[in-house]
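Enquirer: Got chain A sorted already, so can you dock chain B onto it with the hints?
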Amino acid sequence: MPTLELSGVSSGYEGRPVLHDITLEAQESAIYVVLGPNGAGKTTLFRTIAGILEPYSGKVLFDGEDLTRSKEARRRVNYLSHFNAIPEEMTVRGALDFYAKIEGGSVDDVISLLNLEELKDKKVSDLSQGQKKRVSIAKVFLRERDLYLLDEPTSNLDPAVSKEIRDILLRLSKDRIVFYSSHNLYEARDIGTNLILVRDGTIGFFDKISNIKSKEYRVGIRTTTDISKIIDATPGEGGYYVLSVSKPEEAGFALRKLVENGVLVTEMRQLDNPLQDLFDDIYDEGTAVKKEKRRVEERE
Amino acid sequence: MSSDLGAVIAKRSISLSKTYPVIGIFMALFAALISSLSGVIGNLSSTGIPAGASGTSPLNLTTALPLVSVGLQVLAAVIFSMPVLQLYVYDKNNGVLEYFLSLGMNQGDIFRQYLKAALLLASGLVGLETVVNVAAGLIAGVGAPALLGVSGLVVALAIPVVSSEAQIMMSFSSLQKQRVGSNQPLGMAFGVFMVIPAYIIPLVFPSLALTIDLLLASAIAVLSLTLYLSSSRLISREKLLP
Numbered sequence: 001m002p003t004l005e006l007s008g009v010s011s012g013y014e015g016r017p018v019l020h021d022i023t024l025e026a027q028e029s030a031i032y033v034v035l036g037p038n039g040a041g042k043t044t045l046f047r048t049i050a051g052i053l054e055p056y057s058g059k060v061l062f063d064g065e066d067l068t069r070s071k072e073a074r075r076r077v078n079y080l081s082h083f084n085a086i087p088e089e090m091t092v093r094g095a096l097d098f099y100a101k102i103e104g105g106s107v108d109d110v111i112s113l114l115n116l117e118e119l120k121d122k123k124v125s126d127l128s129q130g131q132k133k134r135v136s137i138a139k140v141f142l143r144e145r146d147l148y149l150l151d152e153p154t155s156n157l158d159p160a161v162s163k164e165i166r167d168i169l170l171r172l173s174k175d176r177i178v179f180y181s182s183h184n185l186y187e188a189r190d191i192g193t194n195l196i197l198v199r200d201g202t203i204g205f206f207d208k209i210s211n212i213k214s215k216e217y218r219v220g221i222r223t224t225t226d227i228s229k230i231i232d233a234t235p236g237e238g239g240y241y242v243l244s245v246s247k248p249e250e251a252g253f254a255l256r257k258l259v260e261n262g263v264l265v266t267e268m269r270q271l272d273n274p275l276q277d278l279f280d281d282i283y284d285e286g287t288a289v290k291k292e293k294r295r296v297e298e299r300e
Numbered sequence: 001m002s003s004d005l006g007a008v009i010a011k012r013s014i015s016l017s018k019t020y021p022v023i024g025i026f027m028a029l030f031a032a033l034i035s036s037l038s039g040v041i042g043n044l045s046s047t048g049i050p051a052g053a054s055g056t057s058p059l060n061l062t063t064a065l066p067l068v069s070v071g072l073q074v075l076a077a078v079i080f081s082m083p084v085l086q087l088y089v090y091d092k093n094n095g096v097l098e099y100f101l102s103l104g105m106n107q108g109d110i111f112r113q114y115l116k117a118a119l120l121l122a123s124g125l126v127g128l129e130t131v132v133n134v135a136a137g138l139i140a141g142v143g144a145p146a147l148l149g150v151s152g153l154v155v156a157l158a159i160p161v162v163s164s165e166a167q168i169m170m171s172f173s174s175l176q177k178q179r180v181g182s183n184q185p186l187g188m189a190f191g192v193f194m195v196i197p198a199y200i201i202p203l204v205f206p207s208l209a210l211t212i213d214l215l216l217a218s219a220i221a222v223l224s225l226t227l228y229l230s231s232s233r234l235i236s237r238e239k240l241l242p
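One line per chain: the protein sequences are A and B, in this order. Here the working numbering is used: the first residue of the first sequence is 1, the next is one more, and so on. Here the working numbering is used: the first residue of the second sequence is 1, the next is one more, and so on.
Treat the hints with caution; some may be incorrect.
[Said to hold, decoys possible] Going by beta-carbon spacing under 7 angstroms, a handful of chain A positions derived as facing chain B: (1) Ile-52; (2) Leu-53; (3) Lys-71.
[Unchecked claim] Think about it this way: if two alpha-carbon atoms lie no more than 30 angstroms apart in a straight line, the pair counts; the simulated DSS-like pairs of lysine-lysine are: (4) A/Lys-59 <-> A/Lys-174; (5) B/Lys-18 <-> A/Lys-122; (6) A/Lys-213 <-> A/Lys-247; (7) B/Lys-116 <-> A/Lys-215; (8) A/Lys-257 <-> A/Lys-213; (9) A/Lys-213 <-> A/Lys-163; (10) A/Lys-71 <-> B/Lys-11; (11) B/Lys-116 <-> A/Lys-71; (12) A/Lys-120 <-> B/Lys-11; (13) B/Lys-11 <-> A/Lys-213; (14) B/Lys-18 <-> B/Lys-239; (15) B/Lys-18 <-> A/Lys-213; (16) B/Lys-239 <-> A/Lys-59; (17) A/Lys-101 <-> B/Lys-239; (18) A/Lys-101 <-> B/Lys-11; (19) A/Lys-132 <-> A/Lys-120; (20) B/Lys-11 <-> A/Lys-123; (21) A/Lys-208 <-> A/Lys-247; (22) B/Lys-18 <-> A/Lys-101; (23) A/Lys-71 <-> B/Lys-239; (24) A/Lys-123 <-> B/Lys-239; (25) A/Lys-122 <-> B/Lys-116; (26) A/Lys-123 <-> A/Lys-101; (27) A/Lys-132 <-> B/Lys-239; (28) A/Lys-163 <-> A/Lys-208; (29) A/Lys-123 <-> B/Lys-18; (30) B/Lys-116 <-> A/Lys-101; (31) A/Lys-123 <-> B/Lys-116; (32) B/Lys-18 <-> A/Lys-132; (33) A/Lys-120 <-> A/Lys-163; (34) A/Lys-120 <-> B/Lys-18; (35) A/Lys-59 <-> A/Lys-208.
[As the list claims (entries may be wrong)] Output of the computed footprint for chain A on chain B, the stretches with three or more beta carbons under 8 angstroms from beta carbons of chain A: (36) 6-16; (37) 94-101; (38) 232-242.
Calculated from the structure, these hints are not laboratory results. Model, not experiment: these values are computed from the prediction. Virtual Cβ for every residue (Gly too), placed ideally from N, Cα, C.
So here's chain A without its partners, still in its complex pose:
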């Protein structure tokens, strides 16, 4: 079972730290969703783990090997950045061949995996942003690695391809560590096992997503009849009847009551994402801290 360990890591650009004294340990094979507002330090975190940036202090260890110093350890890692990193003057197949010559792997396999058959003879520069992203992701899967660092892998992708990518990652995460950054909190909740929230270059939160509880459960119920007289639900957003409950079990009781009254329930879903509450809390707290710091600095 691979283990990733960051201890007291500070890292950044041109001597200016972006990450401050980060310590975390990923001990289980799973998908670790990394969330944070723009500029929080997610990309810097990924680059530092990938060994691209040398930390100013602290260590990044993968199975005990220093990822900054050991080329062998870095070869067990793959990093997908915001930039497609695909030679645009080449064809799709040519570009993948280019990387396959460097790192090995089967081009035909990734072409098939990412459904690139129709695009394989096209020049990369002629592709749409979403298609380029698919090619960029394909290069990541040329060879299997033990640690994947994927910085917003599904941005620019259509829902069908996004789902395919998530399915591949879910499969890979059974015996590998996958770090996955996203701005989509619903996607994060669906795919992630663990959540790492980055705020101002520090880890604001790190725990299992299943441990995150909503402050309030609002359940949307879609039915063919008016249910406001049967349960305490009011017509609300998106054509749903909205039921507010204090814990998830109460939604089950409400559903049973509706069924007993002969109501046909066509859909029932949680309207609020617990990650949103957490994200808002931590971000608001960070903003408040920053405001206070600025206020103190101005006074001084």
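Expert: Relative to the frame of chain A, chain B by itself:
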């Protein structure tokens, strides 16, 4: 890391920009023409027309022209290898260099592959120049020792000049805080600066030209080697990021 990455980079460079290679080849052919003119002038002087046009000039065109053509041939090699440096900046901005780093290469490995590509292209053109020079020289009646001397001098100067210029430009590209797009003009300026003595010396010190050119080639080779040995320190990893 693939051992032929440098060759792949060289091929990519040519496919990315064809203007510089075409100019480089044109200059190489022009240089061969100038060099072979010395044979024609030599033949003319042996048939009654003196090599110094007025007869009073100390300049001996039969020896000066081949040496002047050396500078042109070196500059042609610099221009011919320029697409590698364009590709370096292009790959840096496109995240390709960052991806190389993530694959386990370090900045020195990457730097050396692009340098290798520039030298491969320069060597290719120098090879072509040698063939064209020898063929044109033999047709024009230039002596074999002169042809060998010129070809040797082109190799001795072109490889260190291209190597130094490529390293200076890649370092500059990586050391810039803001991308101001001045890499190509700067690279050309360095290339021209290093070659200028090769144009002037044969005209000013014709008898010492070969010796001075060889000394110049040695000095540039030392500069190139120094840059090569300090390449990993010249560029930090973060400077390869887009």
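Enquirer: For every hint, state whether the structure bears it out.
Expert: These are the hints, each one checked on the structure:
Interface restraint check: A/Ile-52 against chain B, minimum CB-CB distance 5 angstroms, threshold 7 angstroms, status holds. Taking 7 angstroms as the C-beta contact cut-off toward chain B, the hint placing A/Leu-53 at the interface holds, the least distance being around 6 angstroms. Evaluation of the A/Lys-71 hint against chain B yields a held restraint, the C-beta minimum of about 4 angstroms falling below 7 angstroms. Restraint check for A/Lys-59 and A/Lys-174: the C-alpha separation of about 26 angstroms stays at or below 30 angstroms, so the hint holds.
With a C-alpha separation of about 21 angstroms, the suggested pair B/Lys-18 and A/Lys-122 falls inside the 30 angstroms cut-off, and the hint holds. Pair hint A/Lys-213 plus A/Lys-247 holds up; C-alpha atoms about 9 angstroms apart against a cutoff of 30 angstroms. Only pairs whose Cα atoms come within 30 angstroms are accepted, and B/Lys-116 paired with A/Lys-215 is rejected, the gap being roughly 60 angstroms. Straight-line distance between C-alpha atoms of A/Lys-257 and A/Lys-213 comes to about 25 angstroms, which keeps the hinted pair within the 30 angstroms bound.
Between A/Lys-213 and A/Lys-163 the CA atoms are separated by roughly 25 angstroms; this keeps the pair inside 30 angstroms, and the hint holds. For the proposed pair A/Lys-71 and B/Lys-11, the alpha carbon gap of about 27 angstroms is at most 30 angstroms, so the pair holds. Between B/Lys-116 and A/Lys-71 the CA atoms are separated by roughly 21 angstroms; this keeps the pair inside 30 angstroms, and the hint holds. Between A/Lys-120 and B/Lys-11 the alpha-carbon distance is near 20 angstroms, which keeps this suggested pair within the 30 angstroms criterion.
Between B/Lys-11 and A/Lys-213 the CA atoms are separated by roughly 56 angstroms; this puts the pair beyond 30 angstroms, and the hint is violated. Straight-line distance between C-alpha atoms of B/Lys-18 and B/Lys-239 comes to about 27 angstroms, which keeps the hinted pair within the 30 angstroms bound. As the CA atoms of B/Lys-18 and A/Lys-213 are separated by approximately 60 angstroms, the hinted pair breaks the 30 angstroms bound. At most 30 angstroms may separate the alpha-carbon atoms for a hinted pair to count; B/Lys-239 and A/Lys-59 meet this at roughly 21 angstroms.
Taken as a hint, the A/Lys-101 and B/Lys-239 pair is honoured in the structure, with Cα atoms around 25 angstroms apart against an allowance of 30 angstroms. The hinted pair formed by A/Lys-101 and B/Lys-11 meets the criterion: a straight-line CA distance of about 14 angstroms does not exceed 30 angstroms. Pair hint A/Lys-132 plus A/Lys-120 holds up; C-alpha atoms about 11 angstroms apart against a cutoff of 30 angstroms. With a C-alpha separation of about 16 angstroms, the suggested pairing of B/Lys-11 with A/Lys-123 holds against the 30 angstroms cut-off.
For a cut-off of 30 angstroms, the pair hint linking A/Lys-208 to A/Lys-247 stands: about 19 angstroms separates their Cα positions. Under the criterion of a C-alpha separation no larger than 30 angstroms, the hint pairing B/Lys-18 with A/Lys-101 is consistent with the structure, at around 25 angstroms. For the suggested pair A/Lys-71 and B/Lys-239, the alpha carbons sit about 19 angstroms apart, so the restraint of at most 30 angstroms is met. With a C-alpha separation of about 28 angstroms, the suggested pairing of A/Lys-123 with B/Lys-239 holds against the 30 angstroms cut-off.
For the hint pairing A/Lys-122 with B/Lys-116, the CA-to-CA distance comes to about 29 angstroms; that is within 30 angstroms, so the pair holds. Of the supplied pair hints, the one linking A/Lys-123 and A/Lys-101 holds, its CA atoms being roughly 19 angstroms apart against a limit of 30 angstroms. Restraint check: the Cα-Cα separation between A/Lys-132 and B/Lys-239 comes to about 25 angstroms, which is no more than 30 angstroms; the hinted pair holds. Between A/Lys-163 and A/Lys-208 the CA atoms are separated by roughly 22 angstroms; this keeps the pair inside 30 angstroms, and the hint holds.
For the given pair, A/Lys-123 sits about 18 angstroms from B/Lys-18 by alpha-carbon distance, which is consistent with the 30 angstroms threshold. Between B/Lys-116 and A/Lys-101, the direct Cα distance comes to roughly 17 angstroms. Compliance with the 30 angstroms bound is thereby established for this hinted pair. Distance check on the hinted pair: A/Lys-123 and B/Lys-116 sit about 26 angstroms apart at the alpha-carbon level, within 30 angstroms; holds. Restraint check: the Cα-Cα separation between B/Lys-18 and A/Lys-132 comes to about 25 angstroms, which is no more than 30 angstroms; the hinted pair holds.
With a C-alpha separation of about 21 angstroms, the suggested pair A/Lys-120 and A/Lys-163 falls inside the 30 angstroms cut-off, and the hint holds. Of the pairs offered as hints, the one joining A/Lys-120 and B/Lys-18 holds, with about 25 angstroms between alpha carbons and a cut-off of 30 angstroms not exceeded. In summary, the hint linking A/Lys-59 to A/Lys-208 is supported, as the alpha carbons are separated by about 24 angstroms, within the 30 angstroms threshold. Evaluation of the coverage hint for the region 6-16 of chain B: fulfilled, as 4 residues show C-beta separations to chain A shorter than 8 angstroms, against a requirement of three.
Against chain A, the region 94-101 of chain B contributes 7 residues with a C-beta closer than 8 angstroms to a partner C-beta. That satisfies the three-residue criterion, and the hint holds. For the region 232-242 of chain B, the stated coverage by chain A is satisfied: 5 residues place a CB nearer than 8 angstroms to a CB of that chain, which reaches the threshold of 3.
Figure legend: structure checked against the earlier numbered hints; hints not met, in rising order: 7, 13 and 15.
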